[in-house]
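Colleague: Sequence:
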Amino acid sequence: MEEALFTFSPHNTATAQAAWVSGVAALGALAGMAAMLSKKAQGRRHRQNTLVAMLLFFAFLISGSAAFFSWWKIRKTGPVVIYADAVETPFGKASFEAIKDAYIHADSQPSVVNPGRAIRTTRIMVIEERNGKTHAMSEEDYPIEEMLPALRNTFSRWRQSREK
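Residue numbers (our numbering): 117 to 280.
There's no promise every hint is true.
Under the rule of at most 35 Å between Cα atoms (straight-line distance), these lysine-lysine pairs were calculated in the DSBU-like manner [said to hold, decoys possible]:
1. K189 with K216
2. K209 with K155
3. K209 with K192
4. K209 with K189
5. K209 with K156
6. K280 with K249
7. K156 with K216
8. K155 with K192
9. K156 with K189
10. K189 with K249
11. K192 with K249
Because the hints were derived from the structure by calculation, they are not lab data.
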């Protein structure tokens, strides 16, 4: 059985907060919608209640979707484990023989007004396999500044042990 040399866990605190806030907002919108639809009203007041209930339903859909996809992201991001001869990410396990390259890529989101200017830049650690499979981990979820040197050092030690 292989022993893990390094284990990097994702930090999902911002995503977890977004999931909880969105979930509470969804429940609040659902309760407000039910309250609006259960009110007895006539004429114009009835139409207003129906309109508010419809708007609350849309708020429920949007916040419920945000909560679901935030929860899904938390479930999909798992630990990255570096072994003596392989690395395991949420995308699968890659032996060092199969790894083509590992690097940090800066992904820039261009401005709508001035495309030459970047609004936000997200750094992504990319592990490319020889068969074309790519493992991408964002700096928003993982400590990529620590992961890449650990991976490169372990890879160098693995390569030196094979050359002997």
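Colleague: Determine for every hint whether it applies to the structure shown.
Modeller: A quick look at each hint next to the structure:
Restraint check for K189 and K216: the C-alpha separation of about 27 Å stays at or below 35 Å, so the hint holds. Taken as a hint, the K209 and K155 pair is broken in the structure, with Cα atoms around 57 Å apart against an allowance of 35 Å. Between the alpha carbons of K209 and K192 the distance comes to roughly 15 Å, so the proposed pair stays at or under 35 Å and holds. Distance check on the hinted pair: K209 and K189 sit about 19 Å apart at the alpha-carbon level, within 35 Å; holds.
Among the hinted pairs, K209 with K156 is inconsistent with the structure: their alpha-carbon atoms are about 60 Å apart, more than 35 Å. About 29 Å separates the Cα atoms of K280 and K249, which keeps this hinted pair within 35 Å; it holds. Under the criterion of a C-alpha separation no larger than 35 Å, the hint pairing K156 with K216 is inconsistent with the structure, at around 67 Å. For the suggested pair K155 and K192, the alpha carbons sit about 42 Å apart, so the restraint of at most 35 Å is broken.
The straight-line distance between the Cα atoms of K156 and K189 is roughly 41 Å, outside the 35 Å bound, and the hint therefore fails. Taken as a hint, the K189 and K249 pair is honoured in the structure, with Cα atoms around 20 Å apart against an allowance of 35 Å. This hinted pair checks out: K192 and K249 have alpha carbons roughly 17 Å apart, not beyond 35 Å.
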